[in-house]
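Peer 1: Let the sequences and hints guide you as you build the complete structure.
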Amino acid sequence: MQNNTQEDIIEIEFPIKSGDFVAAGDASSKTKKLLKQLGIDPEIIRRAAIACYEAELNLVIHSLGGSLILTITPSELVIKTQDIGPGIADVDLAMQEGYTTASDSARELGFGAGMGLPNIKRCADNVEIVSELGQGTELTITIKTNK
Amino acid sequence: MEKYYHSVTLDKDKCKGCTNCIKRCPTEAIRVRDGKAMIINERCIDCGECILICPYHAKIAVTDPLSIIDSYPYKIALPAPSLYGQFKDIKDINKILNSLIEIGFDQVFEVARAAEFVSEYIKEILNSEGVKKPLISSACPAVVRLIQVRFPELVSNIVRVESPMEIAAQLAKKEFCAKHNVSQDQVGVFFITPCAAKMTSIKNPIGNGKSNVDGAISILDVYSPMIDKLKSNEVKSLQEASRAGIKWAISTGESSSLGIENYLAVDGIHNVIKVLEEIEDNKLTKLDFLEGQCCVGGCVGGPLTFENSYVANNRIKRLLKDVDSSPVSEGELIEAKDEIIWKLQKDIMKKPILKLDANINIAIKKMKEMERIYRSLPGLDCGSCGSPSCRTLAEDIVRNNASEMDCVFKLREKVRYLAEEMIKISDKIPTSHKEDKDNDA
Chain A
2 MQNNTQEDII EIEFPIKSGD FVAAGDASSK TKKLLKQLGI DPEIIRRAAI ACYEAELNLV
62 IHSLGGSLIL TITPSELVIK TQDIGPGIAD VDLAMQEGYT TASDSARELG FGAGMGLPNI
122 KRCADNVEIV SELGQGTELT ITIKTNK
Chain B
0 MEKYYHSVTL DKDKCKGCTN CIKRCPTEAI RVRDGKAMII NERCIDCGEC ILICPYHAKI
60 AVTDPLSIID SYPYKIALPA PSLYGQFKDI KDINKILNSL IEIGFDQVFE VARAAEFVSE
120 YIKEILNSEG VKKPLISSAC PAVVRLIQVR FPELVSNIVR VESPMEIAAQ LAKKEFCAKH
180 NVSQDQVGVF FITPCAAKMT SIKNPIGNGK SNVDGAISIL DVYSPMIDKL KSNEVKSLQE
240 ASRAGIKWAI STGESSSLGI ENYLAVDGIH NVIKVLEEIE DNKLTKLDFL EGQCCVGGCV
300 GGPLTFENSY VANNRIKRLL KDVDSSPVSE GELIEAKDEI IWKLQKDIMK KPILKLDANI
360 NIAIKKMKEM ERIYRSLPGL DCGSCGSPSC RTLAEDIVRN NASEMDCVFK LREKVRYLAE
420 EMIKISDKIP TSHKEDKDND A
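Heads up: the protein sequence lines correspond to chains A and B, in order. Each number in my numbering comes from the position in the first sequence (counting from 1) with 1 added on. Every letter in the second sequence is one number past the one before it in my numbering, and letter 210, counting from 1, is 209.
No lab work stands behind these hints, which were simulated from the structure alone. Positions of the beta carbon are idealized from the N, C-alpha and C atoms, including for glycine. All the given hints hold, so there is nothing to weed out.
Here's a subset of chain A near chain B, in silico, CB distances under 10 Å, partners left out: (1) Ile13; (2) Ile46; (3) Ile73; (4) Asn120; (5) Asn147.
Derived Cβ-Cβ restraints for the label pairs, each shown as a range: (6) Asn307(B) x Ser104(A): 40 to 50 Å; (7) Ile52(B) x Asn147(A): 34 to 44 Å; (8) Glu12(A) x His56(B): 38 to 48 Å; (9) Asn147(A) x Cys176(B): 49 to 59 Å; (10) Met404(B) x Gly66(A): 33 to 43 Å; (11) Ala418(B) x Ser104(A): 51 to 61 Å; (12) Asn147(A) x Asp337(B): 43 to 53 Å; (13) Leu94(A) x Met404(B): 51 to 61 Å; (14) Ser223(B) x Glu14(A): 51 to 61 Å; (15) Ser104(A) x Lys35(B): 52 to 62 Å; (16) Ser155(B) x Glu12(A): 26 to 36 Å; (17) Glu403(B) x Glu14(A): 18 to 28 Å.
Peer 2: This is the structure we're talking about:
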């Protein structure tokens with residue numbers, strides 16, 4: 002990873018509320034616009050938008066709230082979510098397609114199909130999950146922009 | 000570099016410099032500068048939203064006057080199907096077509112008929128191997144231009160078929176010249192248009208070098224002369240278009256003619272934007288076809304139509320019930336394919352407008368500055384500065400097109416600061432003066 006001077010790093014934080022389906026998707030659509038303004042490659046924007054949306058929705062559906070922090074450098078994007086919530090009991094299991102712990106109310110809205118984390122993984126160059134049961138989860142998604 | 004042509008223009012004398020149009024514009028293409036609206040050429044997609052919203056009618060669509068047809072020995076009218084919904088108590092489309100002849104055209108070729116050809120071409124592409132889905136209709140030029148500037152990554156989803164207007168122009172000329180044995184340059188074909196976007200497409204075609212259409216005349220400009228002629232009792236049978244083509248005038252008309260289920264028909268440019276966002280985010284994975292139309296209700300809602308969109312929609316539906324002509328035959332299709340150009344010849348260019356700088360390091364710096372400025376603005380999106388929102392003002396400032404003092408709140412803050420400073424200064428007794436006194440003593 003290259004060293005960046007403070008000048009060319011941009012960091013933006015979006016607070017995310019639990020169960021707020023009205024605002025769900027705001028952080029990812031704002032992220033998408035920012036990336037377009039930066040002139041990032043469209044394919045990378047598409048991947049970032051999908052990963053960002055899934056990560057954002059995870060917080061809305063599963064957590065008690067938290068934030069999404071977008072960090073952009075000339076070489077990569079880092080989308081990090083930090084939440085207070087139940088945590089993930091088995092990270093490997095959560096990575097499997099179709100595995101879900103979403104509530105019925107979320108599923109009635111068409112969410113919680115168990116595709117969130119697998120989708121994120123497909124779009125990212127690197128995914129890290131640090132989770133503590135009963136405390137919360139920190140998810141870090143890295144997408145390289147200068148491949 | 001391609002020169003910009005826009006049908007949508009400003010009548011400076013009528014413009015009051017209010018904020019209605021800057022707020023409504025889907026590509027943030029308008030600013031108010033020196034008390035008048037100003038259209039940013041590379042951003043404008045000629046959708047006509049500003050024409051519809053302007054309370055002073057200062058936004059106008061430049062189209063050709065009806066008199067333009069006199070510059071050709073032979074003149075053919077290409078009526079958009081939306082024209083059929085403009086007239087009260089008309090039960091026979093032939094009446095409408097005949098009145099076009101009576102106002103000076105030699106021949107009429109219905110764009111609705113050409114739309115039937117286009118439906119068949121789209122079907123063919125939908126069924127071909129490896130086609131990128133969802134396919135996006137190329138019929139509404141404002142939507143195509145919207146994709147070019149705001150969703151450049153979706154340009155490759157646009158179906159590469161000419162619009163019904165272009166197909167109609169080619170077929171009409173061919174037919175007329177063969178029948179009357181005249182050369183093509185003697186024949187002028189004129190689109191009777193519901194919108195400004197089509198006019199722009201004729202002057203500056205997307206995905207094709209030169210348009211086959213010789214001019215566009217606004218429905219509003221033929222409306223009154225046509226009304227006079229509608230009373231005429233002599234009605235020749237001119238109508239050829241069938242239901243499948245005529246219903247292109249209204250939203251869902253195009254997609255329902257394709258015989259598929261997984262389509263979306265979206266009308267109103269702001270709704271189209273929402274759906275394009277979702278396509279871009281891969282949320283509509285099962286979608287085969289998007290019919291996006293800039294105007295509410297489809298082309299019947301065009302800014303150059305007379306009747307309101309909902310009334311016109313109802314009239315089109317009633318007219319459809321009595322249409323008894325048959326759809327284009329396989330033979331006609333095959334014949335036409337050899338004679339005309341039905342695929343877009345040139346690539347549809349990506350024209351992204353959002354990029355702050357070609358160099359990412361500079362773009363990041365500008366964005367940081369933009370965020371800083373944005374946070375210092377009041378966030379009221381009042382538009383008094385001439386930009387549509389505080390965020391756009393911040394963007395305009397980093398692009399060197401505006402200054403922080405354009406914000407009336409910032410200006411007031413600054414004036415107050417200066418006033419306070421003045422008071423502070425005025426409180427101080429000038430030392431030199433005091434010293435002078437001391438010395439005198």
